[in-house]
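> Each chain is listed here by its residues.
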Amino acid sequence: MGERVNSAYKLTADHRKVRDSGKKIKSGRRWESPLAGYLFISPWLLGFFLFTFWPMIQSAYFSFTEYSLLEAPQWIGLDNFNKIINEDRLFYKSLGVTFWFVFASVPLKLLTALLVAVVLNRKLRGMHFYRTLIYFPSLVGTSVAIAILWSNMLGTDGFVNKLLSYVGIEGKSWIGSPDTALGTLILLAMWQFGASMVIFLAGLKQISGELYEAASVDGASKARQFVSITIPLLSPVILFNLVLQTISAFQMFTQAFVITKGGPINSTYMYALYLYEKAFGRLEMGYASALAWVLLLIIGAVTALIFFSSRYWVFYATDGGKSK
Amino acid sequence: MKKLSRSVSLPIAVCLLFGLAACGSNKDAPSTSQSSAGGTKPAESAKLRIVWWGSQARHDATKMVLDLYSKNNPGITFEPDFSGFDSYWDKLATQSAAKNAPDIIQMDAQYFNEYAGRKQLADLSGINVNDLDPNLLSAGKYQDKLFAIPIGSNPFGMVYNKTAIEKMGISGPGDDWTWDDLFQLARDIQPKLEKGKYALRDFTIDGEVYEMFQLSKGKGPLSSSEGKLNVDEQTWLEWCALFDKLREEGVVPPAEITVSEKKYDPQLDLLLNGTVLIKQSYASDYPAWESVQPGVFGLAKAPRSTQAGGYIKPAMYWAISAESKHIEQSKQFIDFFINDKEAADILGVTRGVPVSSQILDYLQPKLNDAAKAQLGLINATKTDANPFTVGPKGFGNFIVDFNKVGAEIVFDRITPEQAYRDIVKHWEADIK
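Chains A and B are the protein sequences, given in the same order.
According to UniProt numbering, the stretch in the first sequence is residues 1 to 324, in order.
According to UniProt numbering, the stretch in the second sequence is residues 1 to 432, in order.
Just so you know, these hints were derived from the structure itself, not from any lab.
There may be inaccurate statements among the hints.
Said to hold, decoys possible - Simulated restraints, written as ranges between beta carbons of each label pair:
(1) Asp179(A) <-> Ala241(B): 24 to 34 Å
(2) Lys141(B) <-> Ser42(A): 51 to 61 Å
(3) Pro387(B) <-> Arg89(A): 29 to 39 Å
(4) Trp313(A) <-> Ala241(B): 18 to 28 Å
Unchecked claim - Simulated crosslink set (DSS-like; lysine-lysine; CA at most 27 Å straight-line):
(5) Lys162(A) <-> Lys262(B)
(6) Lys263(B) <-> Lys404(B)
(7) Lys145(B) <-> Lys167(B)
(8) Lys71(B) <-> Lys162(A)
(9) Lys404(B) <-> Lys83(A)
(10) Lys262(B) <-> Lys197(B)
(11) Lys432(B) <-> Lys162(A)
(12) Lys228(B) <-> Lys432(B)
(13) Lys99(B) <-> Lys262(B)
(14) Lys162(B) <-> Lys372(B)
(15) Lys192(B) <-> Lys162(A)
(16) Lys228(B) <-> Lys245(B)
(17) Lys172(A) <-> Lys263(B)
(18) Lys432(B) <-> Lys261(A)
(19) Lys325(B) <-> Lys91(B)
(20) Lys119(B) <-> Lys261(A)
(21) Lys228(B) <-> Lys83(A)
(22) Lys425(B) <-> Lys93(A)
(23) Lys261(A) <-> Lys197(B)
(24) Lys262(B) <-> Lys172(A)
(25) Lys197(B) <-> Lys245(B)
(26) Lys404(B) <-> Lys261(A)
(27) Lys432(B) <-> Lys83(A)
(28) Lys93(A) <-> Lys432(B)
(29) Lys93(A) <-> Lys195(B)
(30) Lys325(B) <-> Lys145(B)
Note that the structure is a prediction, hence the values are computed from the model and not measured.
Even for Gly, the Cβ is constructed at its ideal location relative to N, Cα and C.
Chain A extracted, bound-state conformation (with noise of 0.2 Å):
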């Protein structure tokens, strides 16, 4: 979205610069007016505005209230917060859940991705095949229909104990114990690495080959050379990727839903299967957007974590090398 913005930024003002330097463009004219591009973007605009706009409004008035669905909502105040902050066990509980998940997923999962498009970077026939075959998981990867079959795959006889018992190894049902449950969802959550891969990929071959060359000169290994360069030159890339995917991964459902239910004993209770629960299962639509506010003020709070962290390890090349 960030980049969408400025690159649009960008568009604008190379315009302007054209259009200032005294040459006529005829056409310039025509879009003058702001009105023909708001009317160009107004199917984006409406939808915007119907469907995410005023919902939200709409929950921030219902997360004040007591609301059952069925009833109309009553206004009761702080009274849904207070409750969260003050008595709520599975507010706690299913939070340190989450956490655990985005701290351990987020890493676990860029990193993959980061290894692999440093694999597919390189110049070897047929490349393009291996690169749609490795994507490919993550158009499927986080539909119901694949959450069954890892449900399937991963029960006391499922196919990956079946693996385990060839090399001697008695299994056990990964996703019925509550020690290893959340860490199984955290390895599936690895497996949809292809959106951060696709654009680290895009990231690496914005990197000029002649720094490669030019370390290679002095001597410089390839580990060096990516912890030197590569990493330095993706970082505005690493810090996107890290955003978007923290910023998903505080929404994590669709597995935790189908697999696990939440279970077994609340070990894989995420935050968004709590709010879905709470608004649906029980009724408590109030409540339940009084939640899903706390969970936009927390995603708020570490993503601006993020960016502050970012002046100390980002680097952008086009400040002339230097560190924002």
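Starting from the known structure of chain A, fit chain B onto it as the hints suggest.
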């Protein structure tokens, strides 16, 4: 603001959740348009929206009955919508919130008080219920008014793998068996099983089975008729100790197997995949077992102790939305559904054993083996059944939490004493 928010935004939020397709569907509903249809009373023509959950067999039979009714009553058409159990309630809640609930709704005991108590259901007096068991009918009443008609009677008991147990030369349960008999039977079976197979399911995580145990001890159901918590601490501790021992002996599966069961799933249901030989079952569950492995399973009455432990609850109900514009027409259809012989021929036992005694007498000679097994459980249970109590508002959620507490015991995270205290806490939070 308030008016706007109720009428405009919620449907939008709902659309957002369930996809746009779900919306536009009811636009053509508004009543009484066509008065043509061969001079029949125009007031009677309507398009009724009807929803239910269930299996394919139930979907097919119900659609045939709808067609039959439309044929007999020109002017009445249906817009059916059916699904599995889980998503059904999410959707119904959202539709009700948007004041867009279907006319005729299949209802469950767990949710009945929730909907009746929130004035979502229409009064159903006037439907012919003369042939219904009054005990069963009372489960469709809220504050003495009839809001839902039971459409199948559903006793709770046990299901066991008859073939496997008989092959061991052990005789299965009789109708007068006790809990001790059940545990003895399980202990007799266990030595003859291969590794990874168990005689009995671990009922520590099944509040409904514990309720049968408590009933059989004469301590009543989990919620009293006044809607108060009625889990007897001593009986609960005794129950936990019994299963603790069984777990130690390896007669019930270890925790991680017990909790990863998925009911009805041919691979993940512990009974269907052969991991356990005995577990609990409603009569209406029986077709689900039978359809996967025909002729293998038997139903047994709930074990007794000082008294019987079983009860009969309505398998499900028909109810009518209070918002419906066609309440009269919907009532006529429900009347037809429970009392008509032609409809009964089509429906069979797809919604449990029919509630009308007349219809049951009519159908009895025609029933197949699966239906007879269900009927057998009803007849065995009927003689000394405990009255069925619909729990107070929020009771369904309480049972979910109760079972989660049970899982913590099974995983040895808390003591049964601590569990009891947690159960009390959950009751206070869940029951409103």
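> Decide, hint by hint, whether the structure agrees.
Cross-check of the supplied hints:
The hint said 24 to 34 Å for the Cβ distance between aspartate 179(A) and alanine 241(B), and at roughly 25 Å that hint holds. For lysine 141(B) paired with serine 42(A), a C-beta distance near 54 Å keeps the hint of 51 to 61 Å intact. The hint said 29 to 39 Å for the Cβ distance between proline 387(B) and arginine 89(A), and at roughly 35 Å that hint holds. For the pair tryptophan 313(A) and alanine 241(B), the beta carbons lie near 57 Å from each other, so the given range of 18 to 28 Å is not met.
Using a Cα cut-off of 27 Å, the hinted pair lysine 162(A) and lysine 262(B) holds, with the two alpha carbons roughly 20 Å apart. Between lysine 263(B) and lysine 404(B) the CA atoms are separated by roughly 16 Å; this keeps the pair inside 27 Å, and the hint holds. At most 27 Å may separate the alpha-carbon atoms for a hinted pair to count; lysine 145(B) and lysine 167(B) exceed this at roughly 51 Å. Between lysine 71(B) and lysine 162(A), the direct Cα distance comes to roughly 55 Å. Violation of the 27 Å bound is thereby established for this hinted pair.
Simply put, lysine 404(B) and lysine 83(A) have alpha-carbon atoms about 22 Å apart, close enough for the 27 Å limit, and the pair holds. Taken as a hint, the lysine 262(B) and lysine 197(B) pair is honoured in the structure, with Cα atoms around 17 Å apart against an allowance of 27 Å. Using a Cα cut-off of 27 Å, the hinted pair lysine 432(B) and lysine 162(A) is violated, with the two alpha carbons roughly 48 Å apart. Restraint check for lysine 228(B) and lysine 432(B): the C-alpha separation of about 11 Å stays at or below 27 Å, so the hint holds.
For the hint linking lysine 99(B) to lysine 262(B), the alpha-carbon distance of about 34 Å lies beyond 27 Å, and the restraint is violated. Only pairs whose Cα atoms come within 27 Å are accepted, and lysine 162(B) paired with lysine 372(B) is accepted, the gap being roughly 16 Å. Restraint check for lysine 192(B) and lysine 162(A): satisfied, since their Cα atoms lie roughly 25 Å apart, inside the 27 Å limit. A threshold of 27 Å between alpha carbons decides the hint, and for lysine 228(B) with lysine 245(B) the separation of about 31 Å lies outside it, so the pair is violated.
Distance hint between lysine 172(A) and lysine 263(B) is fulfilled; the C-alpha atoms sit about 20 Å from each other, no more than 27 Å. The straight-line distance between the Cα atoms of lysine 432(B) and lysine 261(A) is roughly 25 Å, inside the 27 Å bound, and the hint therefore holds. The suggested pairing of lysine 325(B) with lysine 91(B) holds, with an alpha-carbon distance near 20 Å, which does not exceed 27 Å. With a C-alpha separation of about 31 Å, the suggested pair lysine 119(B) and lysine 261(A) falls outside the 27 Å cut-off, and the hint is violated.
Proximity of lysine 228(B) to lysine 83(A) is assessed by CA-CA distance (about 24 Å); at most 27 Å being required, the pair is judged to hold. Distance restraint check for lysine 425(B) and lysine 93(A): the Cα-Cα separation of roughly 16 Å lies within the 27 Å cut-off, and the hinted pair is therefore satisfied. Between lysine 261(A) and lysine 197(B) the alpha-carbon distance is near 25 Å, which keeps this suggested pair within the 27 Å criterion. Of the pairs offered as hints, the one joining lysine 262(B) and lysine 172(A) holds, with about 17 Å between alpha carbons and a cut-off of 27 Å not exceeded.
Restraint check: the Cα-Cα separation between lysine 197(B) and lysine 245(B) comes to about 17 Å, which is no more than 27 Å; the hinted pair holds. About 12 Å separates the Cα atoms of lysine 404(B) and lysine 261(A), which keeps this hinted pair within 27 Å; it holds. Between lysine 432(B) and lysine 83(A) the alpha-carbon distance is near 16 Å, which keeps this suggested pair within the 27 Å criterion. At roughly 23 Å between alpha-carbon atoms, lysine 93(A) and lysine 432(B) fall within 27 Å of each other, so this suggested pair holds.
In summary, the hint linking lysine 93(A) to lysine 195(B) is not supported, as the alpha carbons are separated by about 36 Å, beyond the 27 Å threshold. Between lysine 325(B) and lysine 145(B) the CA atoms are separated by roughly 20 Å; this keeps the pair inside 27 Å, and the hint holds.
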